[in-house]
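Protein sequences, first through last, are from chains A and B.
Just so you know, the first sequence maps onto residues 10 to 142 in our numbering.
Just so you know, the second sequence maps onto residues 5 to 607 in our numbering.
Among these hints, one or two may not hold up.
[Said to hold, decoys possible] Calculated lysine-lysine pairs in the BS3-like style (CA-CA distance at most 27 Å, straight line):
#	chain 1	residue 1	chain 2	residue 2
1	B	388	A	108
2	B	282	B	388
3	A	50	B	121
4	B	119	A	50
5	B	121	B	397
6	A	108	A	17
7	A	108	B	160
8	B	239	A	128
9	A	50	B	157
10	A	17	B	282
Since the hints were derived computationally from the structure, they do not count as laboratory data.
What you are looking at is a predicted structure, and each value in this text was computed from that prediction instead of being measured.
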Amino acid sequence: MLSFNREKCVYCKLCENVCSFRFTQQVRPSVAAIRIGREGKWGLPSARICDLCKDLEEGPKCVAACPEDALGVSDGGVIAWDDEKCTRCEVCVDVCPNKAVAYDTDSDRIILCDLCGGKPLCIEWCPEQVISA
Amino acid sequence: MKYKGYKDQILTVDLSRGEIGRRSLDEAMVEKYIGGRGLAARILYDEIKAGAEPYSPDNRLLFITGPAAGTLVPTSARFAVGAKSPLTGTLSVGYAGGHLAPVLKYAGYDGILFKGKSPKPVYLVIDDGRVEIREAGHLWGKDTFETEEALKKELKGDFEIASIGQAGEKGVSYASIASEQHLVGRGGEGAVMGWMNLKAVAVRGTGGVRMGVDGRAGIEACFELHDTIRKNPVKAAFRDVGTTGMLIPVNDIKGQPTRNFQQTYFPAASEVSSDRMKPWFIRFESCSGCPVACGSVTRFRVEGAEIVTERIEHQSVGAFATNCGVSDLARVFQAHDLCDRFGMDTISTGVSIAFAMECFENGILTRGDCDGLELRFGNGEVLKPMVEKIARKEGIGGLLARGVRAAARELGRGSERYAMHVKGLEMPGYDPRAFFGMALNLATTSRGADHNKAFTIAAEFLGVLGDFDRFAYEGKPKLVKDMQDSTVIIDSIIMCMFTVDLGISVDLYARAVNLATGMDIGARDVYTIGERVNNLERMFNIREGVGGTEDGLPDRFAREPGSDPDGHTVDVSKMLPEYYALRGWDEKGVPTPERLRELGIEP
Ligand code: SF4
Ligand code: SF4
Ligand code: SF4
Numbered sequence: 010m011l012s013f014n015r016e017k018c019v020y021c022k023l024c025e026n027v028c029s030f031r032f033t034q035q036v037r038p039s040v041a042a043i044r045i046g047r048e049g050k051w052g053l054p055s056a057r058i059c060d061l062c063k064d065l066e067e068g069p070k071c072v073a074a075c076p077e078d079a080l081g082v083s084d085g086g087v088i089a090w091d092d093e094k095c096t097r098c099e100v101c102v103d104v105c106p107n108k109a110v111a112y113d114t115d116s117d118r119i120i121l122c123d124l125c126g127g128k129p130l131c132i133e134w135c136p137e138q139v140i141s142a
Numbered sequence: 005m006k007y008k009g010y011k012d013q014i015l016t017v018d019l020s021r022g023e024i025g026r027r028s029l030d031e032a033m034v035e036k037y038i039g040g041r042g043l044a045a046r047i048l049y050d051e052i053k054a055g056a057e058p059y060s061p062d063n064r065l066l067f068i069t070g071p072a073a074g075t076l077v078p079t080s081a082r083f084a085v086g087a088k089s090p091l092t093g094t095l096s097v098g099y100a101g102g103h104l105a106p107v108l109k110y111a112g113y114d115g116i117l118f119k120g121k122s123p124k125p126v127y128l129v130i131d132d133g134r135v136e137i138r139e140a141g142h143l144w145g146k147d148t149f150e151t152e153e154a155l156k157k158e159l160k161g162d163f164e165i166a167s168i169g170q171a172g173e174k175g176v177s178y179a180s181i182a183s184e185q186h187l188v189g190r191g192g193e194g195a196v197m198g199w200m201n202l203k204a205v206a207v208r209g210t211g212g213v214r215m216g217v218d219g220r221a222g223i224e225a226c227f228e229l230h231d232t233i234r235k236n237p238v239k240a241a242f243r244d245v246g247t248t249g250m251l252i253p254v255n256d257i258k259g260q261p262t263r264n265f266q267q268t269y270f271p272a273a274s275e276v277s278s279d280r281m282k283p284w285f286i287r288f289e290s291c292s293g294c295p296v297a298c299g300s301v302t303r304f305r306v307e308g309a310e311i312v313t314e315r316i317e318h319q320s321v322g323a324f325a326t327n328c329g330v331s332d333l334a335r336v337f338q339a340h341d342l343c344d345r346f347g348m349d350t351i352s353t354g355v356s357i358a359f360a361m362e363c364f365e366n367g368i369l370t371r372g373d374c375d376g377l378e379l380r381f382g383n384g385e386v387l388k389p390m391v392e393k394i395a396r397k398e399g400i401g402g403l404l405a406r407g408v409r410a411a412a413r414e415l416g417r418g419s420e421r422y423a424m425h426v427k428g429l430e431m432p433g434y435d436p437r438a439f440f441g442m443a444l445n446l447a448t449t450s451r452g453a454d455h456n457k458a459f460t461i462a463a464e465f466l467g468v469l470g471d472f473d474r475f476a477y478e479g480k481p482k483l484v485k486d487m488q489d490s491t492v493i494i495d496s497i498i499m500c501m502f503t504v505d506l507g508i509s510v511d512l513y514a515r516a517v518n519l520a521t522g523m524d525i526g527a528r529d530v531y532t533i534g535e536r537v538n539n540l541e542r543m544f545n546i547r548e549g550v551g552g553t554e555d556g557l558p559d560r561f562a563r564e565p566g567s568d569p570d571g572h573t574v575d576v577s578k579m580l581p582e583y584y585a586l587r588g589w590d591e592k593g594v595p596t597p598e599r600l601r602e603l604g605i606e607p
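Throw the hints in and build the complete structure from the sequences for me.
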């Protein structure tokens with residue numbers, strides 16, 4: 010799971026750019042697994058990232074909501090997505106309280122943080138050491 | 005379009021008729037002109053008729069991005085806006101960062117071409133494929149910050165906005181267009197927008213931009229460019245002190261224009277230096293896609309009020325502090341902040357006030373002419389009221405809102421001697437007497453005195469691009485030509501000008517183009533493209549009657565030494581013949597048909 014230190018974030022969006030590029034082969038921040046927002050001019054940034062619904066007793070909402078059993082918590086501590094089982098109903102996109110799940114129309118896939126398989130690109134690309142795993 | 009990085013679509017908006025259309029780019033055109041400044045030159049040359057009045061349906065206003073906007077190429081969040089300038093009568097293209105450019109690409113457009121005049125105030129909303137012209141009566145009269153806030157509320161979403169303030173509405177000749185605190189400055193593009201009755205452009209885009217590379221290898225290749233910048237030692241300077249870090253060193257070598265360029269040394273420089281700004285620091289902010297984050301949010305107090313704004317740049321210090329002789333930093337910040345809000349260029353505003361001060365001290369302007377203000381050098385109290393008067397075109401402000409060239413023409417009585425401009429554009433804060441290459445650059449760039457068209461200070465002073473004797477004439481024509489040409493690519497990709505000082509070489513700019521587009525260009529192509537664009541811009545100006553006779557500096561620089569004990573002056577005419585020859589221009593500064601043919605320009 011990623012953590013985010015908003016005090017240090019400069020709102021450069023490099024994390025969302027590189028994250029979306031890895032998943033979709035284009036820079037498309039609107040479907041990145043990490044999304045940076047900001048409250049008004051000069052406001053502090055905030056991030057939308059998967060926190061595995063750790064504060065919810067019932068556990069990951071997307072996993073529970075998926076009607077096709079296409080999502081599950083992997084050993085690596087990320088939500089794993091099964092391309093074969095997934096029917097692209099986008100229920101997971103709707104239920105995620107953090108808006109950390111997206112569907113990319115162009116590459117036709119569900120996007121969820123997979124920690125880049127072990128070496129998070131957003132951490133490498135962030136120039137401010139805002140993100141840690 | 006086989007090239008990536010583009011959306012292959014420019015929105016066309018006819019404000020007179022309320023019609024919205026779309027046009028595509030063509031491959032041959034992007035190969036020759038890349039994007040940004042290059043495309044602006046080509047499109048505006050073709051679109052704007054010879055002799056077009058800047059405030060007329062014959063002018064155009066072009067918002068244009070480069071192929072890198074919205075990609076993984078570093079510092080590529082910049083957009084350009086071009087028009088025939090009401091200040092200079094030449095082609096003028098200005099640039100700003102922030103977050104607008106990538107979002108325009110994500111919405112599906114490389115640019116927006118406006119023409120005509122709306123019968124009433126309007127703004128343009130782009131929400132991916134949905135584009136609408138909406139009524140903006142309720143926004144008219146608001147400043148740029150207020151406009152943005154109001155639109156963000158009204159549109160209830162993550163829209164990026166570019167707007168004009170009161171200066172653009174009123175037609176101040178050097179009015180700017182603001183996106184957050186990033187301003188497209190200098191040539192009065194904001195005034196053209198105001199004439200069109202176009203208050204703002206709001207954009208939301210959720211699509212993507214493909215690049216010339218993909219996969220892991222693509223990510224790594226792009227990261228190399230980021231890493232070059234991140235590892236460069238100059239990065240820390242852009243962060244910690246910003247461009248105002250230039251003040252003390254430039255002042256020490258007697259290169260800081262002071263009191264309307266009468267002197268080149270400001271004794272109170274330490275009072276307006278970057279050190280003095282440090283305690284006001286809150287935190288850093290970046291443009292999209294940039295690993296530098298030179299934006300520094302600051303908080304300061306002036307006249308009992310607390311103001312939060314962005315740290316000012318060296319040019320604003322030059323215009324409001326040293327050129328007006330003002331050493332009260334809070335008042336300088338206040339003047340700069342007001343310019344951002346009204347939407348007008350800080351260099352032209354400050355230099356216009358400095359011009360008026362010199363006229364005042366020489367009896368050409370009286371207290372009565374100046375609405376009762378004691379317009380003396382060093383009187384910081386006049387900055388705020390003067391900025392307000394200019395933005396609203398009230399009293400003396402109405403005269404200065406037209407720029408120093410027009411103001412001096414109207415005033416007469418020898419005031420022309422105090423009008424510090426080239427081709428009508430007010431001069432920036434690097435004194436030409438201290439940097440002969442900069443002198444030649446300022447004298448020859450197509451939009452007038454623009455230091456960013458060849459930042460020779462990097463080669464003549466900072467030592468990051470060679471080591472040239474500042475006072476030598478020899479070698480400068482070549483230096484200036486090469487830098488003017490290579491700068492075109494930065495303005496066309498579009499990347500941030502600061503990358504020149506951050507280790508991005510001409511080879512790496514070529515690589516950036518290739519990464520974004522999938523083209524295969526090298527350093528030689530960079531120079532050819534740059535030369536092509538400089539020639540086309542020149543042809544635009546020649547069509548407007550602005551040719552070689554306008555390639556010069558105000559007399560002051562050849563006649564009066566500044567504060568330098570050795571008394572250096574600079575005579576640009578000593579460098580022009582060689583410069584023209586290198587460019588393949590005739591002795592009048594007109595491109596020869598042969599050179600145009602070689603460069604593949606059909607004017
Ligand atoms: S993707 Fe969203 S819903 Fe699923 S576990 Fe993460 S935070 Fe919860
Ligand atoms: S770790 Fe990888 S997948 Fe997760 S947010 Fe960062 S870049 Fe995206
Ligand atoms: S890359 Fe780092 S600094 Fe930039 S927006 Fe993301 S978290 Fe913030």
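Quiz prompt | Violated hints, by number in ascending order, as checked against the structure | solution = 1, 3, 4
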